[in-house]
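Starting from the given sequences, assemble the full structure and let the hints guide the process.
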Amino acid sequence: MPVLSNPKLKIQSTAGSSQMKVTTSVTVAFSAAEKHITEVLNLKFKLASRVWGEDSGFNGGDDSLFSLATKTITRGGNYEFVRSVDRSMLDEDWEGNDELFARFALNAVAFPMSASAQSSTQVGNY
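The opening position of the sequence shown corresponds to residue 776 in the numbering used here, with each subsequent residue numbered one higher.
FYI, nobody ran anything at the bench for these hints, they're computed from the structure. Fair warning: this is a prediction, and the values are worked out from it, not measured in the lab. A portion of the hints provided could be inaccurate.
Distance condition first, Cα-Cα at most 25 Å in a straight line; then the derived DSS-like pairs of lysine-lysine [as the list claims (entries may be wrong)]:
#1 Lys785 to Lys846
#2 Lys783 to Lys821
#3 Lys796 to Lys819
#4 Lys783 to Lys796
#5 Lys810 to Lys846
#6 Lys821 to Lys846
#7 Lys819 to Lys783
#8 Lys846 to Lys796
#9 Lys846 to Lys819
Structure, rendered in structure tokens:
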């Protein structure tokens, strides 16, 4: 199976605006055999990135907040997703700090090959 590593989430404020720049990134690696299969079968993969709000216990399960664009890829490498969102979209807890993380999913189109990864949690008050 392909390997997703170094998953990251970065959130930056935009001066004088309620917009926040959200950047996620991940590294995709294929083994030599997977590279060969990908080339021979002309496989394409869908790489998706989504931002989640971390919750547990009393607050229930994690909340899917929004997705970033899905990319079609054919080889390993470093991939980055960028989206501007209103600050309110990051406000996932009704009080106090918000705990956010990025989750990545890689799926082969029409072939049973997939991988997933999750970034560390970023804490802030949005």
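Hints, verified against the model:
no.: 1; hint: Lys785 to Lys846; in the structure: holds (19 Å)
no.: 2; hint: Lys783 to Lys821; in the structure: holds (18 Å)
no.: 3; hint: Lys796 to Lys819; in the structure: violated (28 Å)
no.: 4; hint: Lys783 to Lys796; in the structure: holds (14 Å)
no.: 5; hint: Lys810 to Lys846; in the structure: holds (18 Å)
no.: 6; hint: Lys821 to Lys846; in the structure: holds (6 Å)
no.: 7; hint: Lys819 to Lys783; in the structure: holds (23 Å)
no.: 8; hint: Lys846 to Lys796; in the structure: holds (19 Å)
no.: 9; hint: Lys846 to Lys819; in the structure: holds (10 Å)
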